[in-house]
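Number of protein chains: 6
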Amino acid sequence: MRLHLVNPNTTASMTAKIAAAARATALPGTVIDARQPTMGPVSIEGYYDEAFAVPGMLGCIREADRDGADAHIIACFDDTGLEAARTAAKAPVIGIGEAAFHMASLIAARFAVVTTLSVSIVPIEHNLRKYGLAERCARVRAAEVPVLALEERNVEALGKISAEIAAAIRDDRAEAIVLGCAGMADLAAELAGKHGLPVVDGVAAAVTLSEGLVRLGLKTSRLGPYAAPRAKTYAGLLSPFQP
Amino acid sequence: MRLHLVNPNTTASMTAKIAAAARATALPGTVIDARQPTMGPVSIEGYYDEAFAVPGMLGCIREADRDGADAHIIACFDDTGLEAARTAAKAPVIGIGEAAFHMASLIAARFAVVTTLSVSIVPIEHNLRKYGLAERCARVRAAEVPVLALEERNVEALGKISAEIAAAIRDDRAEAIVLGCAGMADLAAELAGKHGLPVVDGVAAAVTLSEGLVRLGLKTSRLGPYAAPRAKTYAGLLSPFQP
Amino acid sequence: MRLHLVNPNTTASMTAKIAAAARATALPGTVIDARQPTMGPVSIEGYYDEAFAVPGMLGCIREADRDGADAHIIACFDDTGLEAARTAAKAPVIGIGEAAFHMASLIAARFAVVTTLSVSIVPIEHNLRKYGLAERCARVRAAEVPVLALEERNVEALGKISAEIAAAIRDDRAEAIVLGCAGMADLAAELAGKHGLPVVDGVAAAVTLSEGLVRLGLKTSRLGPYAAPRAKTYAGLLSPFQP
Amino acid sequence: MRLHLVNPNTTASMTAKIAAAARATALPGTVIDARQPTMGPVSIEGYYDEAFAVPGMLGCIREADRDGADAHIIACFDDTGLEAARTAAKAPVIGIGEAAFHMASLIAARFAVVTTLSVSIVPIEHNLRKYGLAERCARVRAAEVPVLALEERNVEALGKISAEIAAAIRDDRAEAIVLGCAGMADLAAELAGKHGLPVVDGVAAAVTLSEGLVRLGLKTSRLGPYAAPRAKTYAGLLSPFQP
Amino acid sequence: MRLHLVNPNTTASMTAKIAAAARATALPGTVIDARQPTMGPVSIEGYYDEAFAVPGMLGCIREADRDGADAHIIACFDDTGLEAARTAAKAPVIGIGEAAFHMASLIAARFAVVTTLSVSIVPIEHNLRKYGLAERCARVRAAEVPVLALEERNVEALGKISAEIAAAIRDDRAEAIVLGCAGMADLAAELAGKHGLPVVDGVAAAVTLSEGLVRLGLKTSRLGPYAAPRAKTYAGLLSPFQP
Amino acid sequence: MRLHLVNPNTTASMTAKIAAAARATALPGTVIDARQPTMGPVSIEGYYDEAFAVPGMLGCIREADRDGADAHIIACFDDTGLEAARTAAKAPVIGIGEAAFHMASLIAARFAVVTTLSVSIVPIEHNLRKYGLAERCARVRAAEVPVLALEERNVEALGKISAEIAAAIRDDRAEAIVLGCAGMADLAAELAGKHGLPVVDGVAAAVTLSEGLVRLGLKTSRLGPYAAPRAKTYAGLLSPFQP
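Protein chains in written order, with my numbering: chain A, 1 to 243; chain B, 244 to 486; chain C, 487 to 729; chain D, 730 to 972; chain E, 973 to 1215; chain F, 1216 to 1458.
Among the clues, some could well be false.
Negatives, chain D to chain C, calculated, CB over 10 Å [claimed, not checked]:
1. Ala741
2. Gly888
3. Glu904
Heads up, simulated BS3-like pairs for lysine-lysine below, C-alpha to C-alpha not over 25 Å straight-line [claimed, not checked]:
4. E:Lys1204 with D:Lys889
5. A:Lys194 with A:Lys232
6. B:Lys475 with A:Lys90
Just so you know, these hints were derived from the structure itself, not from any lab.
Just so you know, even glycine gets a beta-carbon here, dropped at the ideal spot from N, CA and C.
Please take these sequences and the hints and turn them into a complete structure.
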């Protein structure tokens, strides 16, 4: 099976780190085809970055879909461009945010999210509401750690994330924690051990869920909003992306 | 990996059929340990049957957990006794209803459920609300087919289920269908082909999800309502189940 | 009128205490027929105990219904087995949890619940959501007092409950308090006096509501999920409960 | 016990009819003190009538409260002025709409309302949402029968109401019916018999609920929005109502 | 264009202050026709005052409508009598509460309300839920300042309001503030400057919104609950208001 | 005042048509600065087109903001890129979808949307939920008319839209209609006259609302998700858009 994992930002070192996390989880027969766009922001922190990460990310999706990907994983916790990607791909598409929310829902009545910056709290809350899982989430917390500060092991960042987890257990009745950034993939086990509760990383969650969809033969429905894009002209710089 | 699959009713032929469906989906290294209780109803149709299926089902969970199960699947679409099972097992527990709802949410904005009898509509609606996925579900429909009528290939039952799927597409804007009974596990592919949309069977969905939890090392959180039962006396007939 | 009051746990002294509270509220012509199962847990604290309390409780319901009960009261705040009981009885059935929520809704815009252990918070929240009254409830609080600690007057337990009431008024804008355990029935008046707000005990609330249903001639509807159980075989230990 | 029942419109014959229904339900020792305002509309059909019914109704509440009423019932299905009445009375206050919704919730998972005119659908829906019971209500239907057409037995009106009940069972999965007008109090038994499901009349429901509150010693909380009105000057025509 | 602005209380100095705020916002060609009833409370603080403010307010609406008002503004933050006013007027009607909520929703994902007394919190919460905007509101806070204390510049009142704004930013993640009383209209600019976030005053918001409705030719729909009142007799003191 | 109106697709004739509608509504002193991107799709029908319309649209926003726009209007009913635009502009930003929903909420308790293609139903439903106004919307209907078919007067398209309006009144209890495409701006008056209910066009609604925000001095809050984008590198084709 061939899983296409796209890091929607343009930071190659982050792609490598996420791909390693994905490979550590994937089944023996699964190939992780990790890509990143050549255009767009170096990290995604808020709505503006998201908007400019999507075109390049969709380019990766289209290419990998043509190359025979069995499923696609969008490796940004905001699930950047997830819905557009579903219309663009024949294979199913999963965001690491939704993957983490669904997995956390299977092991806890109530979870909390710890993300990077507070500018991302509302977008994550909107996703939770769109997916239907807002009531399962006790609170979305921000550790106020920029995305790229997570590229390497960073004791200060780890401390801030750990403090938010402690607060979520104490103040929000959180029973499990969802780590709200692809760059936190390597911290889950350590934080779970330290705080004595399940800690869910979206990258690993998305790998098992997308392998599951492929094994079940389930693909995105074409009957509703995920119908294939209608043929039409795209002007200018973006004409290569024309459906 | 060892998955314990419990059919909460006492009909052995149905256990065999469900186990076959599970084995057809499971990973090569996964052992499906299918069980059924020796006490309780021959099928579960409504709240009363549920109540008397739970003790025997929990007995199976406790035994299989002691025998080293890595995860448990409750193979009744009402997710009978799911919450109690989570308190009783060290390993994670998944119901086939919730498994199907979560998987359907990854491939469609809006799905419909087709279950057996209308007496089950409200319990399923309550589960959807409890899980948070009620807004993702366009409608829960009943084909008015008794559970045990699904044991063998039954043309009349298939026709009724197919008619409800057609109605769900036409009237409810359903983009995908969730089959609302473990006994329908063998119909998914045929119905998907006929109606041209994804059809999700909960047994197969639960197999991939529980394998996913095991591979991710995720277990039920003990911090909230799924804490292990407190030690106490159980009187009479049920004293063997004392925590 | 004959009200059957079932304490779903097997602790006879608790049944006697609850029955006394019920008799103190009941109309002159009402007979309180208090029962408890001979099988199951000595107290109900969480989902596992609930699951094993239900069969014996339903046995009491079926017997009392045959003996001519005009209504049934389930005297556990989790409303253990309420829905199954409705299918099993010709007479209407009320849980003391729902009784308290409905009565509190008539005298306050916003109430809080003070229950025994935090393991019960989520089950009570789920009930509130199922009944529709979740938005009326400011918060479910746990005093961390085990159920059986309430059997006799217990100054320490009373102090903990009182402290949670004070916190609910100060922090949650609670206008009324619902006591979240049948064993707290004798504390309502004292706590109402102390804190200067209405305090609702579910046992007394359920007595007046069930007398009301009987006087109005209202019985559980058979058109939906509370239809009588379908005839079928129950195997083994639980075969006496076969519908 | 002394129950004050106020018909908020000025039609004395309707007051008499409602009072008779209340007396037929009340306990032997209960006195029904039925009143109606001397100012305001002859019937309440929509927001404008409501606005002008409230002052006179509140006058009745204040007088009856001073006269020693143990509880007040507002006998208009829109629960006209209910919240203001709660601030004005020492005794508890119940609206017949909320009374019917709460009672119906105890005997059915899902009920429908059949009211007089479609202009009342939205106000009733808003009440249901305010009380928290909107999800319990399958649909609010209007029979397009004016309020005063219900004063005497009216075969045509009965036929229209009966047709809406049939539609609610067939199309809305209604398990019980709430009659949405005080003037329908005499039709409940006949319609229940005809359609084979529970039919709830708010007047009778409110009598048993208010007797229940009195017997439980529960009064409206003063801690929130139902605090007694602050002393202040009222100008002109309405100065007699000054708090 | 002619905007009728009605202050539903009888305090003329407050009408003058509100009218000045409205004129400061209105378009050059807009005439502000400010009125107040001659009957009813001098200020509106809670449900009881509301009930007695409505008849006089509706009288003003009817007269101004006959005098050719192009739109009506109800200048009390509780939107007192808004729905009845819509049935009574040919021209559209806006409450300053709803005006402020809608405008705040256009500039912030999440706003907080700071109102006068805590007795108004629940009525405002109910309005927010009725309008659909409850989830946009982080919290309704009360500064515990009586309405008439806001008539003149009052340093103590300003300090209390400012303290609640600071708390809303710090504790509620409020991004914008809605001032919850017509009497606060003159404080918006000062508080916005001090706290560095948008502060919305309902009077000014309602002026631009009602001018907008008039310019768009939009009037209240007559198809639903805002149909014109049915002709009928009103008895006694209130007969002049008969439809 | 200077309003920047951006048509997010690249069809100049559509920009001209929308600009004309905006100018017909705008105040005498308002300049409508209509723009369209030079890159992206010729029409927006679903998530994929949206994704590629956003970068060019944000380019227009940034330029017009630098050119001194007092407010921005995004003239696509899906409110394409609205949130990103808020972070990118100093001036406030309004989408024509949200503008229409807010205006419709002021004149009807319940409205329906009639949009172009059914692929847009779910995106519009998600917007309604995000804005909080989902409960105010009876139903989102699609006339199955492509966006560019609306460029010129098209009798067949008008007939389909009119048929959906008729159905919304008859089947959905719609009291007002929101036209779900910028290209329908010229049809509102005709359809309102024909069907006898208010018909809201988002372009005109957005003009008055944005003029209102400017006159009130209200700008997008920077405290939450609409904070200005953080400075960072954007790679490749999209580097000109780097914050």
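These are the hints, each one checked on the structure:
Distance check for Ala741 (chain D) against chain C: the nearest CB is about 26 Å away, which clears 10 Å, and the non-interface claim stands. Listed as a non-interface residue, Gly888 (chain D) keeps its Cβ farther than 10 Å from every Cβ of chain C; the least gap is roughly 22 Å. A Cβ of chain C approaches the Cβ of Glu904 (chain D) within 10 Å, the least distance being about 4 Å, so the stated non-interface status is violated. Distance check on the hinted pair: Lys1204 (chain E) and Lys889 (chain D) sit about 23 Å apart at the alpha-carbon level, within 25 Å; holds.
Proximity of Lys194 (chain A) to Lys232 (chain A) is assessed by CA-CA distance (about 54 Å); at most 25 Å being required, the pair is judged violated. For the given pair, Lys475 (chain B) sits about 55 Å from Lys90 (chain A) by alpha-carbon distance, which is inconsistent with the 25 Å threshold.
Consistency note: the structure conflicts with the earlier hints numbered 3, 5, 6.
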